[in-house]
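Chemist: For the record, the sequence lines run as chains A and B.
Here the first sequence is numbered in our numbering, starting from 112 and rising by one per residue.
Here the second sequence is numbered in our numbering, starting from 112 and rising by one per residue.
Because the hints were derived from the structure by calculation, they are not lab data.
Just so you know, not all the hints are guaranteed correct.
Each pair may be met inside one copy or between any two copies, as identical chains are not told apart.
Said to hold, decoys possible - Straight line, CA to CA, 25 Å or less: simulated SDA-like cross-link-like pairs of lysine to any residue:
#	residue 1	residue 2
1	K335	E430
2	K121	S318
3	K335	L431
4	K337	K369
Number of protein chains: 2
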Amino acid sequence: MAIPRSVEWKEDSIKILNQQLIPNSVEFLTLETIEDVWDAIKTLKVRGAPAIGIAAAFGLALAGSKFEGEDLQEFHTHIREKSLYLASSRPTAVNLTWALRRLQNKIENAASVNEAKTNLVHEAILISVEDENICYNIGQHALSLFNKNDSVMTICNAGSIATAYYGTALAPFHLAAEVDFPIHVFACETRPLLQGARLTTWELLQSGVNVTLITDSMAAHTMKTKKVDAVIVGADRISANGDTANKIGTYGLAILAKQHGIPFYVAAPLSTFDISLKNGDEIPIEERKEEEILKVGNEWVAPKNTSVYNPAFDVTPAELISGIITEQGIIHETEFDKIPDLFTTKSL
Amino acid sequence: MAIPRSVEWKEDSIKILNQQLIPNSVEFLTLETIEDVWDAIKTLKVRGAPAIGIAAAFGLALAGSKFEGEDLQEFHTHIREKSLYLASSRPTAVNLTWALRRLQNKIENAASVNEAKTNLVHEAILISVEDENICYNIGQHALSLFNKNDSVMTICNAGSIATAYYGTALAPFHLAAEVDFPIHVFACETRPLLQGARLTTWELLQSGVNVTLITDSMAAHTMKTKKVDAVIVGADRISANGDTANKIGTYGLAILAKQHGIPFYVAAPLSTFDISLKNGDEIPIEERKEEEILKVGNEWVAPKNTSVYNPAFDVTPAELISGIITEQGIIHETEFDKIPDLFTTKSL
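Same shape as in the complex, but just chain A (with noise of 0.2 Å):
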């Protein structure tokens, strides 16, 4: 029983998880080049933001090792115009430009060409360490939510392969398995997508958290008749007052909770906070293409020619919201009107 890591730094290589494979095969892919680590990015082998990110960085730390020669301006414009094409693999990505940019700062002032390619790999490490911390703290701080034997609902892969390792909303499930603290969880399946069915449930199982899996319209029946102690989920985006853009889904599922007196709660590390946005009203909805709804797999599951409304996420308001779970501790609801001073202070 292990907790799958989805990225790792191979030194003259980086491994990657092929998510798109789960949970029909489980494939290990060696990226020798940059190019191998675009398509991984851009055919979603890698996902997850966090994940994504680091991949980026591993990315650039590799092509700046397998640069040739000792001129430092040529190496500069040798990881910029790489820094540009990994970029080009996923533009929305914030993640992604985030830690090409750090990476980049980083060898500023560097004195050598080999200075600047081992301040690129320490860089990309130390991403993916700090994001490894960042989620360990979130676990703890969630766990300390629940009690032995809790059921707790979950949608979407806020999990450990969308990130460094244990992820945000899955990380108390697996730390808690770590240390034999019974949790149950119910997984919703998470249309249109499936990462509930097709991830969690996966990464859960590795782990040895017991898992039921549920589709999404069985989420109100189980709370009414099964026992059900809190939901977590992940967040894209946290305005400043607490409301949270997250998987489609949530909302409802916030909604529900809600109605059957059960605990609501948002597990993100600080960095999804973006206080500039004064309300969920603010963040933009991203619609996709029809066909993620009208075809599951190949299969055409309604007529080619219906029409379909896809948004990717909802916003899901700060009142439905029990406390929002983050590196530095527990955001209680009592104190979302404090959350602008949190970005001043830098401490809860």
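Since the structure of chain A is already known, use the hints to place chain B on it.
Modeler: Coordinates of chain B only, in the frame set by chain A:
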């Protein structure tokens, strides 16, 4: 543009729509023997409680018409045997045994084999015509609740192809389309078996209804961000207090509707009421096999050894229901305490 019909009496055969192939191909089958009818019910080519009852009734009439000889006692034995055989195609379908019993009762006093044969055919056709009338009336009453350009959400397929014609929850949309009264429908895909995606979108497109498909997980966000004026659903069983068992996901929709101030209607014939049940707690909930969730089509979407909870129905408590639309009129939420009286006086 025509409302599809799923079961039709053709004198020496029965014409059915093969619902298993919808929406990928539209195939009508000609059932010429009682074995064909048994198989069509068994393999879900015909589905929907009223449609199954009608198919079985036509099947028994067909078996009667093919009887050779003039011995009335032998005819009765023949019909009893064929009736038991047809009932075995789907042992839990209440409408199936109800229809078969109704046909058998009709020939008890027949004076000849010929008269009995005719009685069977007439009674089977009557069952179909009665159901069509019931659905038409439900549709008209339901339509009175909607305004031009309303957007109405539904789940599963309480449609024309599940009944003799028109359907229950879908009847008002077909009737509106016939008179160019514009109503827009949001169809929830209805996991796990996707009847909303596979059947409802197809059925509504046939009669020219403007329909948009969403996943079940998008209902809350759609209610919040789009114009949704009402929700209307079918019912499998309604208890004496108005609690309603229907396809899994219905209860969640009802909570979401309440939260967004959207009226929530149940459309069902009076035969759906079981006033021997005090409330919804007495309605048993069937759990179905794990593969319905673990697989979509032939593709596994979760690890094969994943635990699954797969309830087929849920119960929506009466307090979340704005009205129950029957063939005799609308029972408004303030009148639910009078439901038992309806079955004494037999009128609304």
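Chemist: All hints are to be evaluated individually against the structure, with a verdict given for each.
Modeler: Now the hints, each set against the structure:
1. K335 - E430: Both: 21 Å inside a copy, 15 Å across copies.
2. K121 - S318: within (23 Å within a copy, 60 Å between copies)
3. K335 - L431: Answer is both: 18 Å inside a copy and 14 Å across each meet the 25 Å cutoff.
4. K337 - K369: both (16 Å within a copy, 22 Å between copies)
No hint from the list above goes unmet by this structure.
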